[in-house]
Structures are given as C-alpha cells and as structure tokens.
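Trainee: Next come the chains, spelled out residue by residue.
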Amino acid sequence: MNRLNSVFADKAGALFIAYLTVGYPSLEETVEAVLLLEKSGADIIELGIPFSDPLVDGITIQQAGTKALQNGVNINRCIEAVRLIREKSDIPLIFMGYYNPILQYGPEAFCANSFSAGADGLIIPDLPPEEAGLLEETALQHGLDLIYLIAPSTPDEKIKYVASRSRGFLYLVSVEGVTGVRENLPPGLQEFVERVKKYAVQPLCMGFGISTPEQAGQVARLVDGVIIGSNIIRHLSDENWRTSLPAYVHELKSFLRIQEP
Amino acid sequence: MVPDIMIPDEKGYFGNFGGRFVPEVLAPALDELIRAYEEAKNDNAFQLELDRLLKEWAGRPTPLYEAVNFADALGSKARILLKREDLLHTGAHKINNVLGQGLLAAKMGKRRIVAETGAGQHGVAVAAVCAMLKLECVIHMGEKDMARQAPNVARMRLLGAEVKPVGGGSGTLKEAVNEAFRDWVASVKETHYLLGSVVGPHPFPMIVRDFQSVIGEEVKRQIIARYDRLPDYLIACVGGGSNSIGLFYPFVEEQTVKMIGVEAGGQGLESGRHAATLNMGRTGVFHGSRSFLLQDADGNISTAHSVSAGLDYPGVGPEHSYLKESGRAHYTAVMDDEALQAVEFLSLTEGIIPALESAHALAYTMKLAPSLREGEIVVVNLSGRGDKDMEIIREQMEGKI
Ligand SMILES: Cc1ncc(COP(=O)(O)O)c(C=O)c1O
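Residue numbers (our numbering), protein chains in the order written: chain A, 1 to 261; chain B, 1001 to 1401.
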C-alpha cells in the first residue's frame, strides 16, 4: 500500500487536500508551506507544476504560475521540492501539471525521478484517458498513481470508463468551469456523486471552486476528500500567511470533522 | 462537395499529429459536435443553406485573377493567379468557416457563441454571422491586438458582439485562445466555441478544413475551365493554417501540384522573434492537439512575434505538421519587412491592398517569381484585404504615405 492508499484507508471523515503552485511565492516558501499545512491538518498535498498556458485555471492560479515561472521553476525544481519535503514529511504528494512540460521532459524520466524523489501520484488535467495510454503504463511501472478527472457533464458510460482507469482516487470537478474561488457551490452535487458511486470503487475527491470552510463542510458530506487550491494561493499571497494559513486550515478541519458519523 | 480522404482517423489523428487533449468537461461537447457535423454533411437542406449563404451573403465564388502587372514587374514569365478571398464579405477567408460552424451551432441549439481573434478578421466574421443568425456573441481578443487592429474591434461591436480584452502574457492570439477555452469550459452546455483556424482538439481541425476547402475546390474548377490543367504551385500564408489548408486540401492527391506554406519570419528566424512554427518548432501538445510548437526547453509555450496579428501564434494545425513530415507540402518563412514591401508592391502594381497575413504569401511569390518558367501556373491565396492594417502600414512606412 502506498502513502496515498494508506491515508484513505486510515481516514476518519473527509480528507483535506491542499493545492499549491510550486515556486509561489518562492520555492523555499513552497516547502515551508507544505510542512505548515501538514502540521495544521492537511492530509494530502497537490503540487502544481507551473505552465505558461494553464487552460483550466482561473486568474488566481494563473498568476501564481506566472510568478513561479519568473522564479525559474521547472520540472526539475518541482522534483527537488518533493525531495526536500520528503526529508521531513510522509504526507502524500501528488503532482498536478499540464501535459506538454511532462511530454518534453520525457514521461519515463518524469515518472522515474518523481517517484524516487518521493511523489505518490499525478494529475494531468489536459490528458484524458484516451490519450494517456503510454503515460499511464509508465506511471504504473514506476509506482505513481495516475489520477483522472471527471465533470458533472460526463455521461455515465464515460464515468465507468474513467473510473476503471483512475488510480489512487477519482477527481470530481465540482463545476463546469475553471479553478477559482466562487461564492456558492453549484447545484446538483449530490446527484453527481451518486451517479459516480454507481461505477467507482476508489475514493472520490472533489475540487474546483471550493473555498470556504462551510462549502468544504457541505462537500465533505458527499465525498472522501475535499480539494482546495485558489484559496490557499490567496493566503500565500499575503505576507502573514504563516499565521493566516494555519488558522484557515484549523477552521476548515473543524467543518470537515463535523461531518464524521 | 468535400473530398473524402480518410484523414484524420477516428481519434482525430493526421499521422502522428492531432488528437484530443482536453479536460474531460469538454469531451461531451466535442462528441456532440462530431455527431452534428456528420449529420450536417449528409443533410441536403443544411448544405443548400450553407451554399446559399456563401453565395448570396458572403459573395462566393471568389474570382481567380491573373496578376499580370505584378508578374511583369517581377520579370516573371509564369502566370500568377490570385484567389480573391479578400473580396469576401467581412474581408477575409475566415467567413467560409464561420458560416459553416454558425449553422452547425444553430443546428445544435447553442444560442451563444464564443470565439478568439487575432487580427480581428475571424472575430468580425463571427460577429457578422451571429448577428445574421441571431446568436449571442462573445469575442476574446488580446490587449495588444485590440490596439493594433482597432478598426476591427469597432466593427465587432457595431455588429453586436461583446469584445473582451485579454491581458497577461503577450496579449495576442495565444492568450485569446486560452481565454476562449476557459469561457467555453464554464459555459459549454449553451455555448459553441467557434474556433477560427485548423487548430484545437478533434474535430476542429477537420471541420475547419472542410469548410475552408471551398477555396481549393473553386480554384480547381476555375483553373481547369480556363487552362485545362492543374496549377504548378499553390502558395498561402500559414498562421493556424486555415486558408492554406483550404487551398491545399483538394490538391493533396495531385502529386504534380507543389504546395508551399509561408510562415511569419518576424524579425528573422535567428532573432527568436518570429512565428515560424513549422520551420523552427518542435512537436508538443498545446490547445488540444499534438503538433509543431514554438516552446522553450521546459515545454512552456513561447511568445510568437509577427507584424501581422493573424500569424502571431506559436502553434499550427496538426494537418500541416503531417503534410510537412510526409514531405507533401513545404513550409518557408518571410520576414516582417518583406511582407510590408509586398503590401506596397501589390498595391502599386495591381491596385489591390492585401492583408499583412496574405502579404507573406505574396512576398514569397516575389522571391520565387524570377525562377519560374514560361507557362507555369502559380496560385496565391489572397486570404484577406488590408483595410484593417492601414494604421500599422502607415506606421511602418514612416511617413511615406
Ligand atoms: C487575412 C488573413 N489571412 C490569414 C490568416 C491566418 O490564419 P490561417 O492560417 O488560419 O489562415 C488570418 C488570421 O487572422 C487572416 O486574417
């Protein structure tokens, strides 16, 4: 059992999965923020690999990525960040990155180096399973879980197909839209999750557009993990993040705990 | 009407290029588009309506004009023929594809259209078709392009479109496409993304090619009627690649016809400031398909450069990558100042002001002309007219006009 499987197996209540862009606001602060997030109660970390043209990201994560690229962050630096975090922590780490940088780096080298540095999984939002054959095989050989996404618009047949291939967990995109903080959760989440549960045996995690502790609490009733990104980035953009971020995570966790049976 | 060569394959591949690299949320809309398009292809009423609008509203067929003065001034003995897409309604070939996709959107019951634009020619065409078909229209356009193609921004607004400025990055076509995709992801149920070139995920490269193939089909008929033979050269500029593929595609099987795509060489291929994707790029995945790409060592997409907003794009249609790799077509590049000279040269010799994009094809033709033999036939796609470029042309000619 890898770190990712274990954390789901041992969980009490929904897990909190925190996304941050590697290199925002700086590479050192990414490592520090991950350790602080873990200490404050985060269960899994998604490490965003910055890309010049992040098609499924809203303005907050776009700007974080631009800054990270200006800081010179590339895949090698991201893998280095994983290594530094692994020296101090066993929290599951998942890379989230667009396909082209991974393709140019070389899927084989990427999977091998990521795994040996201590990464556990991989999410590529612009690589659907139909196009992922080679990468999926490579990831599997190297012990990385390739996690796929589905959306509320995904038809049943397709949910079944994607669920049969997603390892680690299945990523449910809550909205038709890009990442970003939104005032309200979209309607119909419960029906969406129920539809997915007919076909999926792995844990289900939901992300995109979830930001407040209250929203996280509502989602936590439905799924095994809640993914929050833009709001973490927002905290990191404030120089007081070392105090504001733990406070936010504590409050968030209290809403996730309420949902425990 | 449309040739039936079996590319792309079912997954949208032209050899090693193409495919469908999109977030899952868009998959149902792309599937729906494939179904609607296959239906429309075999739907007589749809085809008749498209033909009628192309003819009565947009001005097809366009003339094939022999540019005798242009050829003489270059000392060329060949026949140089201009395919006059510049005479179409809204001023460029873009309207061919927009009418087709506009009718498809209406057929699918999508009442909202989103599109990107670079030069603004595609945007104006979309705005016009949306007005005529009573569809809501949102155009994303880079801030730099809004400034350098200001007349087209005003035209889009007059036609009832909402033009949304896209900041960040280079403020050009690449960012406009990014934003149009994001808009589509968030509105996919009621919105059709009316992509303006043969790029993007399957089925766009196929659909846009088929709608633009009317250019090459007409050329074939016109040339055979007039000269009873096929042309020796086809020359067209390549941004995303829609006007060129539209000219080339009906001739792909005719091995004697040489096909030359002309990319934007900007300030020179060595300067790094160009948009010569097929000449200088490497294979990668961007905006939904695998194709040649301008990118850095880390796989981040480069900022392209061209004096012509319509060619200022770091990607290119996958079918062109396929035609390049298979050797069936050749791709070259001309620089900004060569294109500007061609604008002036055609204006003075033929009384036709070409778009800066099309001027790239003309500039290459000017280089080729002296080496052509008597009786050879060259068809140059005059993809658009230069009205939109007057500000840039005046600036670049530094007081000469
Ligand atoms: C007149 C004209 N020609 C050519 C192009 C380039 O596009 P494509 O390569 O798709 O024909 C444009 C794009 O805006 C254009 O306006």
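Keep in mind that the hints were calculated from the coordinates and are not lab data.
Treat each hint with caution, since some may be false.
Said to hold, decoys possible - Listed below are the simulated DSS-like cross-link pairs for lysine-lysine, each with C-alpha atoms no more than 30 Å apart in a straight line:
(1) B/Lys1189 x A/Lys158
(2) A/Lys67 x B/Lys1144
(3) A/Lys197 x B/Lys1011
(4) A/Lys198 x A/Lys11
Said to hold, decoys possible - Per the computed footprint, the stretches of chain A lying under chain B, defined by three or more beta-carbons under 8 Å from a beta-carbon of chain B, are:
(5) 24-38
(6) 211-222
For glycine and all other residues, C-beta sits at the position ideal for the given N, C-alpha and C.
Trainee: Does each hint hold? Answer for all of them.
Mentor: Hint check:
no., hint, result
1, B/Lys1189 x A/Lys158, "holds, 17 Å"
2, A/Lys67 x B/Lys1144, "holds, 21 Å"
3, A/Lys197 x B/Lys1011, "holds, 29 Å"
4, A/Lys198 x A/Lys11, "holds, 22 Å"
5, 24-38, "violated (count 0)"
6, 211-222, "violated (count 0)"
Of the numbered hints stated above, those contradicted by the structure are hints 5 and 6, listed in ascending order.
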